[in-house]
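Throw the hints in and build the complete structure from the sequences for me.
Spelled out from the first residue to the last, the chains are:
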Amino acid sequence: MLNEFVWRCIFAANINCSPIHLYGYMESYIPLMVMIAIGLLFGVSNIVLAEVLGPRRSTREKLSTYESGMEPVKTARERFSVKFYLVAMMFILFDIEIVFMYPWAVQFQELGMYGFVAMLLFMVLLFSGYIYVVKKGALRWD
Amino acid sequence: MDWIDFAIIVAKGGILVNAMLIAAAYMVLAERKIAAWIQNRIGPNRVGPWGLFQSFADVFKLYLKEDVVPAAADYRFHALAPVISIAVAITVYAVIPWSDAVEIGGRMISLTMAPDMNVALLVILAMTSVGVYGVALAGWSSNNKYSLMGGLRSSAQMISYELSMGLSIIGVVMIAGSLNLVDIIRGQSAGAWNVFYQPIAFIIFLVTALAETNRAPFDLPEAEPELVGGYHTEYSGMKFGLLYLAEYANMLASSAIMATLFLGGWDIIPFLDDATILGLEPGSLPLVLLQHGAFVGKSLLLVFVFIWIRWSLPRFRYDQLMNLGWKILLPLSLANIAVTGTVMLLLNR
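Residue numbers (the working numbering), protein chains in the order written: chain W, 1 to 142; chain U, 143 to 491.
It is possible that part of the hints are untrue.
Said to hold, decoys possible - Derived lysine-lysine pairs resembling DSS-like cross-links, with alpha carbons at most 27 Å apart:
| id | chain 1 | residue 1 | chain 2 | residue 2 |
| --- | --- | --- | --- | --- |
| 1 | U | Lys203 | W | Lys62 |
| 2 | W | Lys135 | W | Lys74 |
| 3 | U | Lys207 | W | Lys83 |
| 4 | W | Lys62 | W | Lys74 |
| 5 | W | Lys135 | W | Lys62 |
| 6 | U | Lys469 | W | Lys136 |
| 7 | W | Lys62 | U | Lys207 |
| 8 | W | Lys135 | U | Lys469 |
Since the hints were derived computationally from the structure, they do not count as laboratory data. Remember, predicted model here, so these are calculated numbers, not experimental data.
Here is the structure:
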């Protein structure tokens, strides 16, 4: 129902797309907004409450960074392995392609053979990119 | 939607959060008791009979603890990270289909907060993605080398396994033809549960759920011998409590999602229609309550599996973890989609 309405809203001029109508379909999102608010409130209020109830007897030693009992050496804001960036980049590439599959999966039964072959072609392309990445050694961790 | 509907939604949110807190408290106790049982010890037994009030004692203790923020840490993000973690964990509870709807006073009431949200599955995936921010920020803001390494490992692990998790769900979506979790349950309630059609996807989802919640054998972010406590090394007091609570809340949420997607949700008897077998009217209060019990039972059973795995299996090495995620689970879940599609078209259903 949601998709249908937005679809008609965008492509047909004769339909009333006033905010009140849009509000009608946004209604299903209200519980989510309420829960996000409850979650944030829960987190913040607990931290504030603990701040009020807990003692505050800080010393210089207590506030120093933990390093297994040693004097902390330099800061932790240093360069780290480039592998982590690589994983993040590959995640973005693959995740965007996976997102394309959701609408297709919902409509799978309606699209039938044509949709399936099209998605298989897409998956072959995705997989050849994946094989290239593996062969390049982007996933080697030693 | 009028004000009463809105009040009902807020009340449901309050009930769910409180239920989650109690469940998390007893999951912590269950974890300690089961660990003790597996290791042939007694476990907590001082606070109340069988240690039943142990977790509540722990919570009160956490409130009264000093909240130490290291001088070198970025105190704003240090405080923000646990809030993000717990808010994300709680938000997922809005879309989990806890129970079917009952008509009370002309309104359809169910414990599910958003029963007609048609992108529920996408919301869950989105929240999993946002959850990475909590861990990454906690690790970075502490300005501690152990925390940074733990946060980096954890975020790389979570995003790697998110791919296979997203792909393993697609088979279920193809069968159900919907992203609404209530629709997915209704599709299973008369016929077979999805676990019979999608056994490989179920196993992939179980493994990725372990990795997403940073549970053993994927608990590298907090590998004690090498990283002390991982991203929560520098956390104390209630901020640590919130990170810990978020872990258990996520565990219960992923168990409930697994029960929804693969184990028929609130369906009591597989292959058959509950209402006719039990002789109850569909949508009547006793049936809905029984089904709610079945749903909670399935979720808790999966929580037990989580705990059981943690105390039975040793930890992976980091390269093994990455190889499993990228080189085994990702191709396997892509193959699962291709096979599912082929079989569905051949059987023409």
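Structure-based check of each hint:
{"no.": "1", "hint": "Lys203/U x Lys62/W", "result": "holds, 19 Å"}
{"no.": "2", "hint": "Lys135/W x Lys74/W", "result": "violated, 38 Å"}
{"no.": "3", "hint": "Lys207/U x Lys83/W", "result": "violated, 38 Å"}
{"no.": "4", "hint": "Lys62/W x Lys74/W", "result": "holds, 17 Å"}
{"no.": "5", "hint": "Lys135/W x Lys62/W", "result": "violated, 49 Å"}
{"no.": "6", "hint": "Lys469/U x Lys136/W", "result": "holds, 13 Å"}
{"no.": "7", "hint": "Lys62/W x Lys207/U", "result": "holds, 14 Å"}
{"no.": "8", "hint": "Lys135/W x Lys469/U", "result": "holds, 11 Å"}
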